[in-house]
Amino acid sequence: MPQVSMTVNGRPIKADVEGRTLLVQLLREKLGLTGTHVGCDTSQCGACVVHVDGKSAKSCTLLAAQLDGANITTIEGLAGADGKLHPMQEAFRDNHGLQCGFCTPGMVMSAVDLAKTNPNASEHEIREWLEGNICRCTGYHNIVKSIQAGAAAMQAAK
Amino acid sequence: MGADGIGAAVRRKEDVRFLTGRGTYTDDISRHGQTHAYIVRSSQPHAAIKRIDTSKALAAPGVVAVFTGADMAADGVGGLPCGWLIKNKDGSPMKEPAHPPLVVDRVRHVGDQVAVVIAETKAQAKDAAELVEIDFEPLPAVVDSLDALKAAAPQVHGDAAPGNLCYDWELGDKAAVDAAFAKAHKVAKIDLFNNRLIPNAMEPRAATGDYDPASGDYTLYTTSQNPHVIRLLMGAFVLHIPESKLRVYAPDVGGGFGSKIYHYAEEAIVTWAAGKLKRPVRWTADRSESFMSDAHGRDHHSHAELALDKDGKFLALRVATVANMGAYLSTFASCIPTYLYATLLAGVYTTPAIYAEVKAVFTNTVPVDAYRGAGRPEATFLIERLVDIAAKEMGMDRVEIRRRNFIPTDAFPYQTPVALQYDSGDYFSTLEQAQKTADWTGFEARRAEAKKRGKLRGIGVSTYLEACGIAPSNIAGALGARAGLYEAATVRVHPTGSVTILTGSHSHGQGHETTFAQVVAETLGIGIDQIDVVHGDTNKIPFGMGTYGSRSLAVGGTAIVKALDKVVNKAKKIAAHLLEASVNDIEFKDGKFTVVGTDKSKTFGEIALTAYVPHNYPLEELEPGLEENAFYDPKNFTFPGGCHIAEVEIDPDTGVTKVVNFTAVDDVGRVINPMIVEGQVQGGVAQGIGQALLENCVYDKSGQLITGSYMDYAMPRADDLPSIGVATHVTLCTHNPLGVKGCGEVGAIGSPPAVINAVVDALKDHGVTHMDMPASPQKVWSVINGARRMAAE
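Residue numbers (the numbering used here), protein chains in the order written: chain A, 1 to 158; chain B, 1 to 793.
Read the hints as simulated data drawn from the structure, not as lab findings. None of the values given here were measured: they were computed from a predicted structure. Glycine residues also receive a C-beta, built at the ideal position from the N, C-alpha and C atoms. Each hint should be verified, as a subset may be incorrect.
What the simulated footprint calls covered on chain B by chain A, stretch by stretch (three residues with Cβ under 8 Å from a Cβ of chain A suffice, anywhere in the stretch; the number is not a length) [said to hold, decoys possible]:
| # | segment |
| --- | --- |
| 1 | 3 to 16 |
| 2 | 56 to 64 |
| 3 | 333 to 341 |
| 4 | 504 to 518 |
| 5 | 699 to 711 |
Pairwise CB distance ranges, derived in the manner of DEER restraints [claimed, not checked]:
| # | chain 1 | residue 1 | chain 2 | residue 2 | range |
| --- | --- | --- | --- | --- | --- |
| 6 | A | 122 | B | 53 | 55 to 63 Å |
| 7 | A | 125 | B | 140 | 48 to 56 Å |
| 8 | B | 214 | A | 128 | 50 to 58 Å |
| 9 | B | 653 | A | 125 | 21 to 29 Å |
The whole structure should be built from the sequences, with the hints applied where relevant.
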């Protein structure tokens, strides 16, 4: 079994993984980081989005073995060490951008990447960016609002 | 109103755990010594099973056990029960063919459960499942419900349901309807198919069974909207486990929309297997399994006729519907196309005579049951399409014909000819407000502007009503319900004045932890941070019926109010004792018990402490403690309603329809948290637009599921949808103390006909009078280009 080393939420980890083990399986089953969710088996829904070296990626579509040396951030690693929510998390809360919460970790991780890449994204650009994140509860209306507010708050915090 | 009481748009209490990845969904729970189950499902739509050989699977690495239907049958495991008995026109009972958790000798749909492989890891179980050899003898299959009724149709259940008929049911006065049609000035007609949908809550279903050999206690962790219903059905009918020995826990649940109401085979399989193996057994659906095993929604063929007089007044409505039940009866399948559909056919109109007949039919497809709206979207779509057709038939304005037939605002309570009595509503106001918000009168200018850009623009309106909080239990029971329809709550005041609410309702996105706390905060005058709401665990909460049909606040919230009343009454007695006053002189306001007309008072916290430290206490007359239960059985349904207006733009070159404006003005009764109500309506509208334009479950003729993944089934994505404008216009429910009606389903009920009416309006110059859902680009393009071709020829 190959061994991989990576940094997850700032903590160095080592794990033995099968060749077929997906990043999301490593996170959920070996590291107990169950905030990252699995909502489909065709890489469509985006509930599993994490950051790999600062960029959003679907952890259901990456093999753990290919990520030796990578720096991973999951939803559990987004808030400050003191528990202070990230501005994007706060924005989702303020704008009712979540209901059942299942797609939320992927939405927030995806949104943070968008806000970094395109801080002034228009509504249209946000909706296009979310093509790979499915939500069944909100109709996206408040997710779009949350991302606009979160992106503005991230810029203001710079 | 306090800062976070009724009417305040407070942020949700549950959000921090969801936003930080600390929610606890069923698949997040690990148990010591756990095994993993994988279900071997049928690849065949319909087949006899000649032989199952599990030996190779059993020998595979890590495999702990492989079980088949024969093993469950040998243990006396029962079939999955149906919760509502419908009677045929002649009074005989509906057909209820056996629904075993694992099939024994025949599969009846793709995805039917054939065997379960249990191994040390999920990957090992999945690998070994490939090694289970099944000899299928394929049988002809039937997919469409109209085909299933034909004489030569393949028989899904043979003699257990001859002719594939589950029931043939009727409601209303046929003779009165026939008489009205005989004198009609005009008759509007429609034939429609209400498309089959796959609910697709984002959290796939999951279940973990656990068994403690020392105590004999079973625990089922499951993705359920109503854990007590699962405990009752599975314990009493399927596995024969006493309820005292069975705990069902539905922790955080990632959306339901109806699909997690039902008792599913996998719940029984993992619980039974955990008992056999004396180890926890975990199962989580792959999304592909969800597509072929979660109960689907809708799938109605209908023919309807509306008789009108010369002024456009509706004289009578006649409806014949064939409802597809799928291969087996899911838990509440039978009541959806009957008591949640035909009873709604009056809509918001004064139609004096209505007759409906409904045939429910078995086919070789996944079972069909309630999906967001459940029967009411089917009724609403039929009525609101038919009214548009009637307007065209009469040469009348679409809005005017509606206004002319609305139930007058002063006519409540209003008795319909199809059993329901509406308590309140104001359809004129919601219509007017929606027309104003949507700039209805400015539409023709927008249509002309779109035409200049080569686009076809249309506008559609839907004025609708629905029924929530199905009740009362005794009447529902007389109509065939096999369960009560009340809700239960416990209010537990702690010694220092904080409060725990234990509710039988279940929250899977609705935000009960916040809205219920707001109701309590309003009554007790304490902050919502002092109030915790517990749900989902049968070992903690009182016996409750769970969450479906937008019932939680109207029924579950009322149970909380009733328990709060008892708490306040008892607290007043304690206060009277402490303040040396008569209980009749004690007033409770803003968290303080005051002797009327004096400045003598005690805080709620002081009373709570006294109740648990009863040193100065009337022990002869009053028990210590401050905790009360209430069960509430509603007197009637609640009737939310409103008006939805959709404006669409069609690209004639691609057939793509975009909703460019959407306006919803809903009367959901009193609003506890406007932010949450808006979110509920927006989510419902998104599902309604999904049904109208995108979503469609497709089987091929042979019975194979074609739309079996997100690559094939068109889930609405962010860039498919517009911003959704939501407003409310409140009339209060007259028979519950909060005046609430329910907001969970209105969006999915009002919106599909608004969208299709807009599509038909956009295509009116192409000879279109109706289009079945979804109005897909292919369908729309074909209509436009078919008309173009015909014009050219």
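Hints, verified against the model:
By the rule of at least three residues with a Cβ nearer than 8 Å to a Cβ of chain A, the coverage given for the segment 3 to 16 of chain B holds, with 5 such residues. Coverage of the segment 56 to 64 of chain B by chain A is violated in this model, with 0 residues showing a Cβ closer than 8 Å to a Cβ of that chain against a need of three. Counting residues of the segment 333 to 341 of chain B whose C-beta lies closer than 8 Å to any C-beta of chain A gives 0; at least three are required, and the coverage claim is violated. Residues of the segment 504 to 518 of chain B lying with their CB closer than 8 Å to a CB of chain A number 4, which satisfies the three-residue condition for coverage.
Residues of the segment 699 to 711 of chain B with a Cβ under 8 Å from some Cβ of chain A number 3, which satisfies the need for three, so the listed coverage holds. In this structure the supplied range 55 to 63 Å holds for residue 122 of chain A paired with residue 53 of chain B, their Cβ-Cβ distance being about 59 Å. In this structure the hint that residue 125 of chain A and residue 140 of chain B lie 48 to 56 Å apart at CB holds, the actual value being about 51 Å. Taking the beta carbon of each, residue 214 of chain B and residue 128 of chain A are about 57 Å apart, inside 50 to 58 Å as hinted.
Hint check: residue 653 of chain B to residue 125 of chain A, Cβ distance near 24 Å, so the stated range 21 to 29 Å holds.
Hints 2, 3 from the list above are not met by this structure, while the remaining hints are.
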